[in-house]
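Protein chains: 2
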Amino acid sequence: MTEWLQDMGGPSFAQIYAVSAELFRGRSDFQEIRVVRNQDFGVMLILDDAVQTTERDEFIYHEMLAHVPLLAHPSPRRVLIVGGGDGGLLEEALKHPLEAAVMVEIDRQVIEVTRRFLPDVPRGAFEDPRTHLVIADGIRFMTETAERFDVILVDSTDPKGPALGLFAESFYAAARRRLTPGGLIAVQSGSPLYQQDLIRMVRTNLQPAFPRIATYLASVPTYPGVLWSFTLGTIGDAPRLPAAAEVVRRTAGFGLQYLTPLILRAAFELPPFIARDLGIPAQWTDSA
Amino acid sequence: MTEWLQDMGGPSFAQIYAVSAELFRGRSDFQEIRVVRNQDFGVMLILDDAVQTTERDEFIYHEMLAHVPLLAHPSPRRVLIVGGGDGGLLEEALKHPLEAAVMVEIDRQVIEVTRRFLPDVPRGAFEDPRTHLVIADGIRFMTETAERFDVILVDSTDPKGPALGLFAESFYAAARRRLTPGGLIAVQSGSPLYQQDLIRMVRTNLQPAFPRIATYLASVPTYPGVLWSFTLGTIGDAPRLPAAAEVVRRTAGFGLQYLTPLILRAAFELPPFIARDLGIPAQWTDSA
Chain A
1 MTEWLQDMGG
11 PSFAQIYAVS
21 AELFRGRSDF
31 QEIRVVRNQD
41 FGVMLILDDA
51 VQTTERDEFI
61 YHEMLAHVPL
71 LAHPSPRRVL
81 IVGGGDGGLL
91 EEALKHPLEA
101 AVMVEIDRQV
111 IEVTRRFLPD
121 VPRGAFEDPR
131 THLVIADGIR
141 FMTETAERFD
151 VILVDSTDPK
161 GPALGLFAES
171 FYAAARRRLT
181 PGGLIAVQSG
191 SPLYQQDLIR
201 MVRTNLQPAF
211 PRIATYLASV
221 PTYPGVLWSF
231 TLGTIGDAPR
241 LPAAAEVVRR
251 TAGFGLQYLT
261 PLILRAAFEL
271 PPFIARDLGI
281 PAQWTDSA
Chain B
289 MTEWLQDMGG
299 PSFAQIYAVS
309 AELFRGRSDF
319 QEIRVVRNQD
329 FGVMLILDDA
339 VQTTERDEFI
349 YHEMLAHVPL
359 LAHPSPRRVL
369 IVGGGDGGLL
379 EEALKHPLEA
389 AVMVEIDRQV
399 IEVTRRFLPD
409 VPRGAFEDPR
419 THLVIADGIR
429 FMTETAERFD
439 VILVDSTDPK
449 GPALGLFAES
459 FYAAARRRLT
469 PGGLIAVQSG
479 SPLYQQDLIR
489 MVRTNLQPAF
499 PRIATYLASV
509 PTYPGVLWSF
519 TLGTIGDAPR
529 LPAAAEVVRR
539 TAGFGLQYLT
549 PLILRAAFEL
559 PPFIARDLGI
569 PAQWTDSA
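Which chain is which? The protein sequence lines are A and B, in order.
Read in order, the letters of the first sequence are residues 1 to 288 in the working numbering.
Read in order, the letters of the second sequence are residues 289 to 576 in the working numbering.
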């Protein structure tokens with residue numbers, strides 16, 4: 001009998017996936033790790049019953065969490081990734097002309113399992129000489145490191161277990177101290193359909209350290225509800241959205257599969273019902 | 289024990305909804321009609337096991353299928369809606385200064401059930417003096433009527449049973465003969481994630497009658513996979529996308545909850561992976 005994986009959205013809706021084969025199942029010090037095959041989405045990585053990434057659409061989440069903040073910075077050289085053990089975010093970030101990408105992941109097994117069963121997610125990212133992999137608690141790393149970064153990306157699981165502290169005001173304050181002038185932070189901030197409280201919490205907790213905040217959206221088919229949010233915080237001026245010509249120039253050769261200049265810009269235009277649900281002023285631009 | 293409704297996307301994934309109450313269940317001459325309550329989406333209308341519309345997010349689908357084509361026409365006066373028995377599309381269309389909206393629905397019971405259990409979807413649309421409701425087969429109506437319309441909207445279920453003929457080349461050819469000069473047609477064309485064949489079929493079948501075709505997307509949370517496509521066909525020039533100022537002016541007072549000028553424009557910019565899957569040239573605009 002076919003097993004159906006169930007990934008809950010709200011209390012009364014979920015996405016379900018038929019498991020055509022189980023490739024790996026194990027428990028690390030931090031979470032249950034599963035890798036299964038599904039006819040529609042290919043190989044899927046599941047942590048504690050929540051789908052994290054799939055062969056078929058991993059690029060959407062990773063392009064949106066990497067390139068939007070990296071393009072919002074005029075010339076990022078040093079990037080810090082917190083979490084993101086599957087390496088997909090690292091791979092996208094390394095497409096930029098960085099000097100260094102430091103990745104701090106708490107769970108070594110997630111990296112090992114992804115590299116074995118989903119090698120096309122990180123591709124060669126872990127072998128890139130600019131990559132510095134640190135197996136550690138991101139919260140502790142953030143308070144202890146003396147390094148500075150132009151962009152910090154937080155690719156966490158849901159706010160429970162080891163990831164909870166990654167949504168705290170104290171973590172964001174520590175992150176700010178690790179940024180160069182003009183630096184910025186971007187975090188995955190959950191579903192605008194059933195995690196409005198999470199998005200509000202992220203925005204509230206970012207605010208003291210990052211006075212300018214913008215939430216943007218993308219459609220990630222493997223997450224329940226599909227519409228997904230990311231939140232970007234800057235120290236000084238409001239996040240700078242690059243003009244289309246700059247996006248085209250700076251992403252030439254990236255082979256982007258989701259992001260285009262107009263999709264980048266429209267990602268920040270929240271549909272009015274979402275802005276209202278979040279208590280955010282509508283961000284309409286009349287210049288479209 | 290809770291019943292979970294299952295709405296299939298691909299062969300191996302689905303969205304599921306817990307039924308907190310069943311409000312109606314019956315079989316019309318054409319299909320099984322159910323109305324249930326769900327904690328996340330409110331009251332839901334289900335036809336033959338496929339969720340059609342919900343209290344919570346009906347406006348997204350209906351705004352996108354009504355206003356995009358109506359705004360692409362400089363001054364629509366007469367609109368024909370084929371299907372759309374829940375009345376949500378009719379309600380949106382009537383926000384424009386129309387002279388007449390003719391709605392041809394095959395299944396009277398869908399209208400009756402919606403008006404009873406989901407009255408906020410049509411609101412007063414069926415009582416509007418500009419509404420002309422025809423209970424008939426849309427395919428037959430299209431070949432028999434002598435009326436002409438500026439815009440035709442096809443709000444069908446999936447291409448099976450009574451809806452199958454609404455995706456046929458002969459239907460689109462008949463529709464073209466019912467359009468005024470400069471007229472256009474818009475149809476719901478399914479999921480760009482797992483109904484690519486359907487979208488390609490719609491585009492192929494529209495082509496002989498409508499030389500200019502554009503597919504656009506929206507995020508409709510209650511449909512499996514959420515990303516949803518609509519396809520617009522024009523007789524003469526390529527579909528004309530109104531400038532932001534015109535959108536603002538023509539939709540003033542509409543109370544739109546999803547559509548904004550920039551979202552309208554970006555809806556036509558298919559993410560590259562979708563354009564590739566559909567075999568459509570990427571529609572990038574560099575002027576963002």
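Just so you know, not all the hints are guaranteed correct.
Claimed, not checked - Listed next, with one range per pair, are the computed distances between beta-carbon atoms: (1) A:Asp-277 <-> B:Arg-404: 52 to 60 angstroms; (2) A:Thr-143 <-> B:Val-536: 45 to 53 angstroms; (3) A:Ala-243 <-> B:Ala-456: 41 to 49 angstroms; (4) B:Gly-314 <-> A:Ala-243: 54 to 62 angstroms; (5) A:Asp-237 <-> B:Glu-387: 48 to 56 angstroms; (6) B:Asp-337 <-> A:Arg-116: 52 to 60 angstroms; (7) A:Arg-115 <-> B:Ala-456: 34 to 42 angstroms; (8) B:Asp-337 <-> A:Arg-27: 24 to 32 angstroms; (9) A:Gly-279 <-> B:Ala-456: 20 to 28 angstroms; (10) B:Met-289 <-> A:Arg-25: 24 to 32 angstroms; (11) B:Ala-309 <-> A:Arg-77: 52 to 60 angstroms; (12) A:Arg-77 <-> B:Arg-537: 30 to 38 angstroms.
As the list claims (entries may be wrong) - Here chain B is said to cover these stretches of chain A; the calculated rule only asks that three of the stretch's residues, wherever they fall, bring their Cβ under 8 angstroms from a Cβ of chain B: (13) 12 to 18; (14) 250 to 258; (15) 268 to 277.
Claimed, not checked - Covered stretches of chain A, as calculated for chain B (at least 3 residues, CB under 8 angstroms): (16) 35 to 44; (17) 166 to 174.
For the record, the hints were derived by calculation from the structure and aren't laboratory data.
Built from N, CA and C at the ideal position, the CB exists for glycine as well.
*Of the hints stated earlier, which fail here?*
1, 6, 7, 8, 9, 12 and 17
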